[in-house]
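Chains as they are written, first to last, in this note's numbering: chain Y, 3 to 564; chain W, 3 to 370.
By construction, these hints were calculated from the structure, which means they are not laboratory data.
Beta carbons are placed, not taken as given, at the ideal position from N, Cα and C, and that holds for glycine.
Just to be clear, a hint being listed does not mean it is correct.
Here are the computed distance ranges between Cβ atoms for each label pair [to be verified]:
| id | chain 1 | residue 1 | chain 2 | residue 2 | range |
| --- | --- | --- | --- | --- | --- |
| 1 | W | Glu116 | Y | Pro257 | 35 to 43 Å |
| 2 | Y | Lys315 | W | Glu116 | 33 to 41 Å |
| 3 | Y | Glu559 | W | Asp251 | 27 to 35 Å |
| 4 | W | Gln326 | Y | Lys410 | 56 to 64 Å |
| 5 | Y | Gly453 | W | Asp143 | 55 to 63 Å |
| 6 | W | Tyr235 | Y | Thr461 | 54 to 62 Å |
| 7 | Y | Glu456 | W | Asp143 | 56 to 64 Å |
| 8 | W | Asp251 | Y | Arg219 | 50 to 58 Å |
| 9 | W | Glu116 | Y | Asp450 | 22 to 30 Å |
| 10 | W | Tyr235 | Y | Lys315 | 30 to 38 Å |
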Amino acid sequence: MGSHQADARHRCASLVWNDRKSLDTPCHASRLAGFAAMKDRKTGSMRTDAIIIGAGHNGLVCAGYLVRAGMNVLCLESADSAGGMSAPRTISDNYHFPGLVHAAYPVSTALRRDLKLEQFGYQPGKAIDTIALDGNGDHLTIGAERVSGAGLAERDEQTYATFRKQYLAYARTLRPLFENKPPRLKDMAFADKVTLAKLGWNIRFGLGREAMNEFLRVAAINIYDVLNDEFEDDRLKGAIAVDAVMGSAMGPRTPGTVLTWLQRLQGELNGPMFVQSGGRSQLVHALTQSAEDAGATIRFDAHVNKILIDNGKAFGVELSTGEMLKARIIVSNADPRSTFMRLVGAPQFDAMFTKRVTQIRGTGVVAKLHIALNGKPEFTGLADPQLGGRLMVAPSMKYIERAFNFSKYDECSEHPVLEITIPSVHNAALAPEGHHVMSVNVAFAPYDLEGGWEEQKTTFAYKVISQLGQYAPNLTSLVVDHEFLTPRDIEQQLHAVRGHWHHGELSIHQSFMMRPLHGAAQYDTPVERLFLCGAGSHPGGGLTGLPGRNAAKRILELGGAK
Amino acid sequence: MAWNTYKVPRVVDKLSTEYFAVRSSCAVMDLTPMEKYRITGEDAREFLDRLVTRDISKLRSGRVTYVVWCDDEGKLIDDGTLFQLGENNYRLCSQHHQLDWLLISASGFDVNVEVETHDVAALAVQGPTSYSVLAAAGIDDLDQLKPFDIAKLHCGEIRVTVSRTGYTGDLGYELWTEPGDALQLWDAIFDVRGRYDIHAMGLSALEMVRIEAGFVMPGFDFNTAESTVRNGYDRSPYEAGLGWVVNLDKGHFTGRKALQAEASQPARRRLTKMVVEGNKPTAQALIYDRKNGKQVGEIKCASWSPILKANLALADLEYVDGRQPSKLWARIDYQRELKWLSTWAKCHVQSKPFYNPEHRSATPPARF
Numbered sequence: 003m004g005s006h007q008a009d010a011r012h013r014c015a016s017l018v019w020n021d022r023k024s025l026d027t028p029c030h031a032s033r034l035a036g037f038a039a040m041k042d043r044k045t046g047s048m049r050t051d052a053i054i055i056g057a058g059h060n061g062l063v064c065a066g067y068l069v070r071a072g073m074n075v076l077c078l079e080s081a082d083s084a085g086g087m088s089a090p091r092t093i094s095d096n097y098h099f100p101g102l103v104h105a106a107y108p109v110s111t112a113l114r115r116d117l118k119l120e121q122f123g124y125q126p127g128k129a130i131d132t133i134a135l136d137g138n139g140d141h142l143t144i145g146a147e148r149v150s151g152a153g154l155a156e157r158d159e160q161t162y163a164t165f166r167k168q169y170l171a172y173a174r175t176l177r178p179l180f181e182n183k184p185p186r187l188k189d190m191a192f193a194d195k196v197t198l199a200k201l202g203w204n205i206r207f208g209l210g211r212e213a214m215n216e217f218l219r220v221a222a223i224n225i226y227d228v229l230n231d232e233f234e235d236d237r238l239k240g241a242i243a244v245d246a247v248m249g250s251a252m253g254p255r256t257p258g259t260v261l262t263w264l265q266r267l268q269g270e271l272n273g274p275m276f277v278q279s280g281g282r283s284q285l286v287h288a289l290t291q292s293a294e295d296a297g298a299t300i301r302f303d304a305h306v307n308k309i310l311i312d313n314g315k316a317f318g319v320e321l322s323t324g325e326m327l328k329a330r331i332i333v334s335n336a337d338p339r340s341t342f343m344r345l346v347g348a349p350q351f352d353a354m355f356t357k358r359v360t361q362i363r364g365t366g367v368v369a370k371l372h373i374a375l376n377g378k379p380e381f382t383g384l385a386d387p388q389l390g391g392r393l394m395v396a397p398s399m400k401y402i403e404r405a406f407n408f409s410k411y412d413e414c415s416e417h418p419v420l421e422i423t424i425p426s427v428h429n430a431a432l433a434p435e436g437h438h439v440m441s442v443n444v445a446f447a448p449y450d451l452e453g454g455w456e457e458q459k460t461t462f463a464y465k466v467i468s469q470l471g472q473y474a475p476n477l478t479s480l481v482v483d484h485e486f487l488t489p490r491d492i493e494q495q496l497h498a499v500r501g502h503w504h505h506g507e508l509s510i511h512q513s514f515m516m517r518p519l520h521g522a523a524q525y526d527t528p529v530e531r532l533f534l535c536g537a538g539s540h541p542g543g544g545l546t547g548l549p550g551r552n553a554a555k556r557i558l559e560l561g562g563a564k
Numbered sequence: 003m004a005w006n007t008y009k010v011p012r013v014v015d016k017l018s019t020e021y022f023a024v025r026s027s028c029a030v031m032d033l034t035p036m037e038k039y040r041i042t043g044e045d046a047r048e049f050l051d052r053l054v055t056r057d058i059s060k061l062r063s064g065r066v067t068y069v070v071w072c073d074d075e076g077k078l079i080d081d082g083t084l085f086q087l088g089e090n091n092y093r094l095c096s097q098h099h100q101l102d103w104l105l106i107s108a109s110g111f112d113v114n115v116e117v118e119t120h121d122v123a124a125l126a127v128q129g130p131t132s133y134s135v136l137a138a139a140g141i142d143d144l145d146q147l148k149p150f151d152i153a154k155l156h157c158g159e160i161r162v163t164v165s166r167t168g169y170t171g172d173l174g175y176e177l178w179t180e181p182g183d184a185l186q187l188w189d190a191i192f193d194v195r196g197r198y199d200i201h202a203m204g205l206s207a208l209e210m211v212r213i214e215a216g217f218v219m220p221g222f223d224f225n226t227a228e229s230t231v232r233n234g235y236d237r238s239p240y241e242a243g244l245g246w247v248v249n250l251d252k253g254h255f256t257g258r259k260a261l262q263a264e265a266s267q268p269a270r271r272r273l274t275k276m277v278v279e280g281n282k283p284t285a286q287a288l289i290y291d292r293k294n295g296k297q298v299g300e301i302k303c304a305s306w307s308p309i310l311k312a313n314l315a316l317a318d319l320e321y322v323d324g325r326q327p328s329k330l331w332a333r334i335d336y337q338r339e340l341k342w343l344s345t346w347a348k349c350h351v352q353s354k355p356f357y358n359p360e361h362r363s364a365t366p367p368a369r370f
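For reference, chain Y alone in the conformation it holds in the complex (with noise of 0.2 Å):
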């Protein structure tokens, strides 16, 4: 297939997606006339403020706050519509799929206030729940606060409701953290002695004193341990154990793992998860009208090549058609190994920093399995309702474990772990009537495969369809296409270094203050008028918004564009 049909392919995707009723809506003007960029009031020459590179959503949330502080914000984004890995994708024309995000969490009162998400039709989507699908039909349903299924013990649903609300009140404890950007140690400005001290407090007073023990013992353990201790049943462990690795180069034994399902929980903090299926209430559409609203451009198909230097100092971009365009400030939603190494260069850094950020950790071990059906796919056991859901395939934390040992010696899991939604259940404009599309998370599927992807990738999709047809047996007579994303795949297409979904583990050794590395924590980087803004940014991945914020916040506060 040639690259215009799929471009033609992706444009009507982002229309579907985004429900647009005309081409001449408002926004739609902004962004076909290009760079619009607004004359400077006293001299009347044109002038960017700043230029944001990628319009993934956190890219997107900086430029509305950057423009509402009044500053002139161009956004450049290198595909043909926004939202980077929360971009929509389509296959065999009519099959339009959530991108690399298929269920979130609702993004914080104070984006959405702040940016006035719900005015451009933000809506998060019905709350769902999380179904451990079991071999023979006995299923559980896993919701925000209670459990239930054939087999359950009793001790285990009573324990799941202290234990989430336990959980949360951890989650809660380290808001402060998550929402301002990371304190410095050394020469520590008050902002952030005020952060540490709200994160003291929360810690010593917010939890009390046996919660504090409890939160400090389990803070940067593995939550195989933690689970073990609390539950019995094999399927819940499983299902909660995934939510604490997926995304990561990390099995339910690796050390940190429950700081990255706190991390997650931080979402759940803004209200219940839901399913990503598109329409007008999508936070990337919602983002995108907002910032175009108060003044920002966004511009498409413009792919940055390089970013400008002078004398230690961004000054501008360089298209990869040539084309240079100028800007006061530079911010990067790319990640910052592509960021530093590849757009900027490693002459324009000393010699240490470059080497750590070579040795930033983040290696993509989830593919993305896009499935197109012309029928609704039967669970066994598995009510109607229920496949509105997210359904996991990890049996037990065992299983988790052995399927990540695979990706440790560069080998797909024999089995998989797998994350299901099915988002045209929530959407029936997804699909052709009576048809449906499912999307699947696998994990795991190493971006360095022995024997590379180019050989395996076929099998392995077919391998993880016949899989599901253990749970669903009518899916593989239903398959009418498939699109199979491994992480060089991700890297090829959404522009993130080894495929990895948050630009860089989560793992503690790049958390907070050490987050993308020691020397670019807080937003800005070595390159005076050079900032970070994406996942790869404190507080991290996931569908937040908050290192877009952050970095905006941080921009401001060093001037903006001054």
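Keeping the supplied structure of chain Y fixed, place chain W upon it in accordance with the hints.
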């Protein structure tokens, strides 16, 4: 004494003989233990430009330059001589092992760094008659070789690369050859001993002459960044008196930001050349702003200079408000018949090398 896994003599024969050989005839020293790195590849020049503080854009094939390099905090890691042997083909010589830092610095560059310490034998032939000695030994065509020039020549059958470089502050050459040819080269030089006064030299004589020349020795005159444990015990090029090899305008290099910040602040300390009055050994003396006053520094290395008849020292001086203390006194503790005595000696700061004879840089050199 151990030097990079080699055993090196402090004194081969007699210190005074070796010293006067460098200053008035010819001394030879085995430089093979010097760390030598071959740097090649498409980005070799860009890599080196980012590594060292000096602007090397004017360096060309067949030339050598003195360079220093720093860590990210702008503190000195080592100094050395950089030889451009060809297009994108360089040799970096340093006293200390640098492979790890070079490899760290190579991240993001298309560059190949090879250790050639043991694959290249090196001899320093130094002193006013060194030119004549080498000519007599059969190395011709040295007459037009200017300071910091490199030439590929022959000594009889032996292929030898000669650079007009050295660590003595005198006329001198460094000879680079295959290890297998090294003994023959040594013999070729010492074969003309009948006509010229030639002596093998150890580290002690070298220490005397390098102080006279005002050269610093990283790791001795100041702690190098990679080996410093305590905060503030390492030194920047400015602090080591090497500000003249720092070019903040040449584009980015490792440590530039830190050095820029330092340069915009008043100087805090400087490694300074001083002549100490009297003739007491001053190697471990502390420096005060007046007799029995406040301590403002310490002597890092010192030597009696027989040729200048003066007590020379390099001292680490603390500055006040960016200025050198106006008066400097060394408190010298010394022994007389095993009895410890203490005395005060006035110090005079020198900005130029203590010893820099005209014959050092004359081309062609005087023939003896």
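Exercise. Going through the earlier hints one by one, which of them does the structure break, listed in rising order?
Worked result: none
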